[in-house]
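Chemist: Please arrange chain B on chain A, whose structure you already have, making use of the hints.
Protein chains in written order, with this note's numbering: chain A, 21 to 345; chain B, 11 to 269.
Some clues are possibly wrong.
Calculated cross-link-like contacts (lysine to any residue; reagent style SDA-like; alpha-carbon spacing at most 25 Å) [as the list claims (entries may be wrong)]:
id, chain 1, residue 1, chain 2, residue 2
1, B, Lys267, A, Lys130
2, A, Lys130, B, Thr227
3, B, Lys28, A, Ala292
Some, not all, of what chain A presents toward chain B, calculated at C-beta under 10 Å [to be verified]:
id, residue
4, Ile226
5, Val304
6, Gly326
7, Glu330
8, Leu335
Don't read these hints as lab results, they were simulated from the structure.
Note that the structure is a prediction, hence the values are computed from the model and not measured.
Positions of the beta carbon are idealized from the N, C-alpha and C atoms, including for glycine.
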Amino acid sequence: MAGAIWCVVEDDRKGTPKKVMTEVLGEAARLGGPVECVWLTDKATDDGLTQLGGWGATKVWLLENAGLAPYRGETWVPPLAELAAKESPKAILAPVTSRMREFMARLAAKLGVGLSADSVGLKMDGDKLVATRPVYAGKLLSRVTWAKQPWIATLRPNVFKPAEVQAGKTAQVERVSATIPAAHMKLVERREEAATGLPELTEAEIVISGGRGMKGPENYVILEEMGSVIGAAVGASRAAVDAGWRPHRFQIGQTGRTISPKLYLGFGVSGAIQHLAGMRTSKVIVAVNKDPEAPIFKIADYGIVGDLFEVAPLLTQEFKHLLDK
Amino acid sequence: MKILVAVKQVPDTATQVKISSDPKAIDTAGITWIVSPYDEFAIEEALRIKEKRGQGEVVAVTLGPDRAKEALRSALAMGCDRAIHVNDPALTAADTLTMARALAAVVKQEAPQLVLCGRQAIDDDAGAVGAQLAEVLGWPCASWIMEEAVDGDAKNIRVGRQVEGGLEIFDIPLPAVLSAQKGLNEPRYPTLKGIMGAKKKEIKDVKAADLGLSSTTPELTVTALEALPARPPGRIIPGEVKDAVKELVRSLREDAKAI
Numbered sequence: 021m022a023g024a025i026w027c028v029v030e031d032d033r034k035g036t037p038k039k040v041m042t043e044v045l046g047e048a049a050r051l052g053g054p055v056e057c058v059w060l061t062d063k064a065t066d067d068g069l070t071q072l073g074g075w076g077a078t079k080v081w082l083l084e085n086a087g088l089a090p091y092r093g094e095t096w097v098p099p100l101a102e103l104a105a106k107e108s109p110k111a112i113l114a115p116v117t118s119r120m121r122e123f124m125a126r127l128a129a130k131l132g133v134g135l136s137a138d139s140v141g142l143k144m145d146g147d148k149l150v151a152t153r154p155v156y157a158g159k160l161l162s163r164v165t166w167a168k169q170p171w172i173a174t175l176r177p178n179v180f181k182p183a184e185v186q187a188g189k190t191a192q193v194e195r196v197s198a199t200i201p202a203a204h205m206k207l208v209e210r211r212e213e214a215a216t217g218l219p220e221l222t223e224a225e226i227v228i229s230g231g232r233g234m235k236g237p238e239n240y241v242i243l244e245e246m247g248s249v250i251g252a253a254v255g256a257s258r259a260a261v262d263a264g265w266r267p268h269r270f271q272i273g274q275t276g277r278t279i280s281p282k283l284y285l286g287f288g289v290s291g292a293i294q295h296l297a298g299m300r301t302s303k304v305i306v307a308v309n310k311d312p313e314a315p316i317f318k319i320a321d322y323g324i325v326g327d328l329f330e331v332a333p334l335l336t337q338e339f340k341h342l343l344d345k
Numbered sequence: 011m012k013i014l015v016a017v018k019q020v021p022d023t024a025t026q027v028k029i030s031s032d033p034k035a036i037d038t039a040g041i042t043w044i045v046s047p048y049d050e051f052a053i054e055e056a057l058r059i060k061e062k063r064g065q066g067e068v069v070a071v072t073l074g075p076d077r078a079k080e081a082l083r084s085a086l087a088m089g090c091d092r093a094i095h096v097n098d099p100a101l102t103a104a105d106t107l108t109m110a111r112a113l114a115a116v117v118k119q120e121a122p123q124l125v126l127c128g129r130q131a132i133d134d135d136a137g138a139v140g141a142q143l144a145e146v147l148g149w150p151c152a153s154w155i156m157e158e159a160v161d162g163d164a165k166n167i168r169v170g171r172q173v174e175g176g177l178e179i180f181d182i183p184l185p186a187v188l189s190a191q192k193g194l195n196e197p198r199y200p201t202l203k204g205i206m207g208a209k210k211k212e213i214k215d216v217k218a219a220d221l222g223l224s225s226t227t228p229e230l231t232v233t234a235l236e237a238l239p240a241r242p243p244g245r246i247i248p249g250e251v252k253d254a255v256k257e258l259v260r261s262l263r264e265d266a267k268a269i
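Okay, chain A solo, but in the shape it has when bound (with noise of 0.2 Å):
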């Protein structure tokens, strides 16, 4: 309906929306909604159509195609944008994925209006929504609003807090028939990392992070058997990726990737500040580092002053010692 703010739904590519799209539907019900979802997937589940019901979707516009699949701007900005100038949704949101903060960026480039990416906040001040979003990687934050509707913004996950599951409430329906432009970039292969067992990193409740202090990359198996007990993704600082500890991918800073976990622990991180920005909106932080006046224990909610080869292994053993009670 006109004036409904859209969530744009994030996939596991298999069928269902991931779980942070519950912080999605969450803020767009506290900004007052209509909130309604706009699903462009090669193939929904019924469980998954349910499933946005419960996190308060009172309607899903689904765009099903098998051109969809990979996502590629240029089939799905051009579905989206003819939806929305028809519906006239007052803003659009996604969470910041790889493939939602490019093709948001598209979109609002489509329709001519403004992008708040990486959102951390968002307020209706009067009828205007006014965004939060961290610059200078993270060091200062800015406030922007847009000069039109619809607004759209990406949303940084874990900040936002996640819509209550409403059992036995559902969305209803609706198939769009789209024409889906022929797509000139072809998918080639998908190359698959190698699986770690743990959490993407961005997406993590909990990250632990291992800095120079860990001395090499035999000794990231350390923190690997304590993310495997708590459930938690395992980065990097750049100086253990630089000297080739750990691939790029698991960069955690400014010039890697920006996590906001509930829980952070750092060890051997001395928190320069590029690797500050990355990680300074983590909830809880956790510090283990030889050296006192390391930078990080100044933002660390609990820290340790020890040797890390000491502390993590007994701190992995203390956790399954919590967790198998």
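Modeler: Relative to the frame of chain A, chain B by itself:
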């Protein structure tokens, strides 16, 4: 093959940034300016494509005030052939879309077969200009690329874009826009010869009017910058490691409810 590289001048990563008396801007006093690190990957890749093909031209372009010329000099010192400086006070408050429109106008004038940029500039951290430029031009784009290979007749490019859990490899017809992710390459340092040579290379100054931009009114406006909320003071847990670890786990569970 002609390649356009879009670069941005940004404060150095180690620089402390402070809000100026104008709450919408930072205090530029004492700031060290650099080429945004991701843009260096883009410059490097453009130069490698040219070197591999043994011919071609790499043109660097930036939007920014007078000082942004330094970023172009750095690009020229690395090996770019010439540069274009879109320098117009009307673009001071440009949002990503306004920047993309200005760059699109430059692209139309220059008609390159490929546009490269960094995945994001590390000042606004929006990571949107490359994708929006592609949209304004009606070109395909691939974001966060980790590898690329241009085919022999420069009609297609094969790229690997980074997505959650892996790489997606695409064949894309040129022209196209690509944004560089860390890991694409290791940018070269300018040589002394490069730095000297850069002084003689052309930097063309361009105004919004030269690009035929009808409007430079931003769609997204910054109303204020603000400092981060201070984190509550933390606690160093003292004592023997064994006891400290126990106390840490207790605090995480009972006080912080983080596990």
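Chemist: For each hint, tell me whether it holds in the structure or not.
Modeler: Hints versus structure:
1. B/Lys267 / A/Lys130: Roughly 44 Å between the alpha carbons, so the hint for B/Lys267 and A/Lys130 is violated.
2. A/Lys130 / B/Thr227: holds (16 Å)
3. B/Lys28 / A/Ala292: holds (18 Å)
4. Ile226: Holds: closest Cβ of chain B sits about 7 Å from A/Ile226, inside 10 Å.
5. Val304: Nearest chain B Cβ about 4 Å off; hint holds.
6. Gly326: holds (5 Å)
7. Glu330: Hint holds; A/Glu330 Cβ to chain B Cβ min 5 Å, cut 10 Å.
8. Leu335: holds (5 Å)
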